[in-house]
Amino acid sequence: MKGLWREVSKASRKLWYTEKQSCVLCGAEHGPICITCRTNYLRPELRRCRKCGKLVQPEKQYCLDCSSGRGPKQLDQVTAWGHYSGGLKEFIHTVKFKAHPRLIGEISRPFSDWAIRQLPAVDGIVAVPMHRTRLAERGFNQAEVIASALHWELGLPILPGVERAESRSSQVFLSRKERLHNLKGIFVVRQPEYYRDRSVWLIDDVTTTGATLEAVAEVLRENGVKAIYGLCLAAGLEKVTEKRLVPLCD
Amino acid sequence: MLFFLTLKQDYEVNIFPFQEKLKWDSRVVSYLSEPLPLAIIQLVLERLTKGHTCLFGEKSPKTIKNRILKILDDFSWDIDLTWKEVSKGASFLEDPLDLSEDIGNEAGKVFNQFVLGRQLSIDDLRGLARELRLKEEVIIKLAHFKVERGCAEWVPSVKQNEKGWQCQRCGEKDVEEWPSYYGVAATCRSCQSIGVRTSLNVLYRDKCSLLDGPTEILFEPHWTLTEAQRLASEHVAEFIKGTSKEAGLLWAACGAGKTEVCFPSAAWALTQGKSVLFAAPRQDVINDIAPRLQRDFPNYQIQVLTGTTSVKFQVGGMVLATTHQVLRFWRSFDVIFMDEMDAFPYHGSRALEWGLKQALRQGGKLLYLTATPSYEGLKAAQQGKISLIRLPARHHRNPLPVPIWIRSGNLLEANRSIGIWAKTIESLRGQGSVLAFVPKISWIAPWVKCIKQRFAGWCVDGSYSGDPGRGMKIKNLQQGHYDVFVSTTILERGITLPGIQVVVLGADHPVFDERALVQMAGRVGRTPENPGGRVVFLSKQISPAMKTAVQWIEEQNRRALELGLIEPLEKEGRSIEGVVERGI
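So the sequences go chain by chain: A and B. Note that the numbering used here has the first sequence beginning at 1, numbered continuously upward. Note that the numbering used here has the second sequence beginning at 1001, numbered continuously upward.
Each hint should be verified, as a subset may be incorrect.
With a straight-line cut-off of 25 Å between C-alpha atoms, the simulated PhoX-like cross-links for lysine-lysine are [said to hold, decoys possible]:
id	chain 1	residue 1	chain 2	residue 2
1	B	Lys1109	B	Lys1023
2	A	Lys10	B	Lys1023
3	B	Lys1109	A	Lys98
4	B	Lys1173	A	Lys10
Which residues of chain B face chain A? A few of them, derived with a C-beta cut under 7 Å, are [to be verified]:
id	residue
5	Trp1178
6	Val1184
7	Ala1185
8	Thr1187
9	Val1196
10	Thr1198
11	Leu1200
12	Trp1223
13	Thr1226
Partial list, derived from the structure: chain B residues whose beta carbon lies under 7 Å from chain A [unchecked claim]:
id	residue
14	Leu1002
15	Ser1180
16	Tyr1181
By construction, these hints were calculated from the structure, which means they are not laboratory data. Beta carbons are placed, not taken as given, at the ideal position from N, Cα and C, and that holds for glycine.
Please work from the sequences and hints to get the whole structure.
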């Protein structure tokens, strides 16, 4: 009986008041993302390398790796909304490993607002695919969930037909070189008609070296895609190159 | 974990767990090309058998396969499903994992021992694999063998019925739905602390009993029961052996020794081959009871399970576990003793309550032990739904100290009011160390400072739940180092401090409900050397909780007196309804 009353009062409150949302990343008031979290994890004033999305000093356009030709070659630009640390990292973990894909809906508005200002509009969105087995185990592909949120907010169509043909070990424990090698030849485009002469956003949840994005981009180029922009929720910090990055505190 | 839908030689449709490197069961003839979640398979099987009992004549593998494919077609997923044949001699993958006969039997026996009566997720099974130093696939295979033999079952962790979803581990119906690769799925939000469960994964439920049958046990009580305890113990035995009520409540006075009262009944149950569970909401209670149990039941294997025990899988017919760990058992215990039913986190948790009831076998007995029963528990006892057993007297035959109320000025805050609390504390200090309870953590520092200032030269300190130095301070407190110790409700239960006096600052604060007040008052007079002591409630007004707390304590004393379990001494404190002592 008490439960029923609670539900009824919750519903009637929703009719009269807009519920105050709490921050998705830290639970404080002023959601969906509070100012503290915005400052800590989203750091809009810092620039990202245009090629691979790593943080660079504000006056630079490219990071050291990319300037010397070691960065991704197939992508026109890579960018990420925030840093893979603290509250944002936990948020992504909760979505992926604690099976709460619905949470992406909480940040879809701020994320898409930001994305459309960072990148040019395109013909469609492509989510980095997961291998069938992993998809079956997890029940959902977090990149697809993010892509679907962007589609919902911005109206950009989702392009199907890219598959991950082989399952390899997770990238997490591999070095940079091993990661690049791990991904050779595993992505396939099954429906090339969607891709010829198109421009796309390539979506994933987290990027560290950009190797996965690069591998998908390579296969997309082979099928005639003209422009590819990588877009992620968070960019990880590579341990090796951490020294070359701008320190996060002034 | 996903399962393959398989067809055996005898046209029986079955399932087989999908693990890479696992070899097929020899009786399997064909299998569906993609593994599916158990919930989907159960749905398919349901539809397969619905309304087609007249299929006897035309049962052939082809029709069965085609019907299954048609049912799956209705789901309109993107997956390409076909039936594949298992070729003789070959296995699912090159280099399969095969158990040689004797390893298989040995491993099987050991596995069996450790999973009796349990309900485990795949992560738990992985943990078992690590503890036994076996490969994960081996454990899954052993688990599946038990399922095939009918001694266990696979259950989807979150199940859907006509009314909605329900988590099979904690009974929670409020789950989070989300669209998955296989249609709508749901994640349970309540029992996440011991692992994430969704409708796409499964639980292994063992149906076997923890004990094979009656056993010889050695019960050596180290504690002679007092008269009060003996009486209560007899009532407990009556309840456990009887058949009328399934649940009971042992309402004991603080410090009356309610746990030891249950030991004889536990011993009886074990000799009858009935499994026993001692459950409590918090680890420290478990760690407190464990040595006492082990001492009284020497040579008997007792499983002690908390969130921080290193060995998660143990053997034994008697289990001592936190209510969270009890979620890993299903219909395994004939007798459950639940200590401190009104404590956090058990109290108010639907999931933990449900989990405890599910751990009880059909026809089993559940006895709640507490000094401060919850509202629901008391109501049920008054309505006769559950048995009520009283243990109103402490072992030293002195009555419980009844709290007295001293009216303080406005807003009891450190530095604000003058004198009253100081006089009180000084007077209490005359009889022993003082334990001062405050309602909020923010009160501690100012009060410690204020008391130090007023009583220069006294040893004063304070602690709270998040205090890193808490362990050390509590040890010092137990050794009598402090003159005054300020604390939040962390010290309200379980701790015995000889000769302590208690003052509750701001006793009318809403945080102090009648149960907290009774427990705090219960810290005084627990030892035979210091059976008396004073409890003072300092507040502006008398809250209803304070009234109820005093009523409960006085009622226990009255009862004890009636039963001749305490000496008819002159009562120390005055009741609140009577004289109100005013501070100057």
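Checked hints:
1. Lys1109/B with Lys1023/B: Distance of about 20 Å is within 25 Å: holds.
2. Lys10/A with Lys1023/B: Violated - the C-alpha atoms of Lys1023/B and Lys10/A are around 53 Å apart, more than 25 Å.
3. Lys1109/B with Lys98/A: violated, 33 Å
4. Lys1173/B with Lys10/A: Status holds; Cα separation ~18 Å.
5. Trp1178: Check passed: Cβ of Trp1178/B comes within 5 Å of chain A, closer than 7 Å.
6. Val1184: With a minimum Cβ separation of about 10 Å from chain A (threshold 7 Å), the hint on Val1184/B is violated.
7. Ala1185: holds, 5 Å
8. Thr1187: holds, 4 Å
9. Val1196: Given a least distance of 5 Å, the restraint on Val1196/B holds.
10. Thr1198: Holds, because the Cβ-Cβ distance from Thr1198/B to chain A comes to roughly 5 Å (cut-off 7 Å).
11. Leu1200: holds, 5 Å
12. Trp1223: violated, 42 Å
13. Thr1226: Hint violated; Thr1226/B Cβ to chain A Cβ min 41 Å, cut 7 Å.
14. Leu1002: holds, 6 Å
15. Ser1180: holds, 4 Å
16. Tyr1181: holds, 5 Å
Checked against the numbered hints listed earlier, the structure breaks hints 2, 3, 6, 12, 13; every other hint is satisfied.
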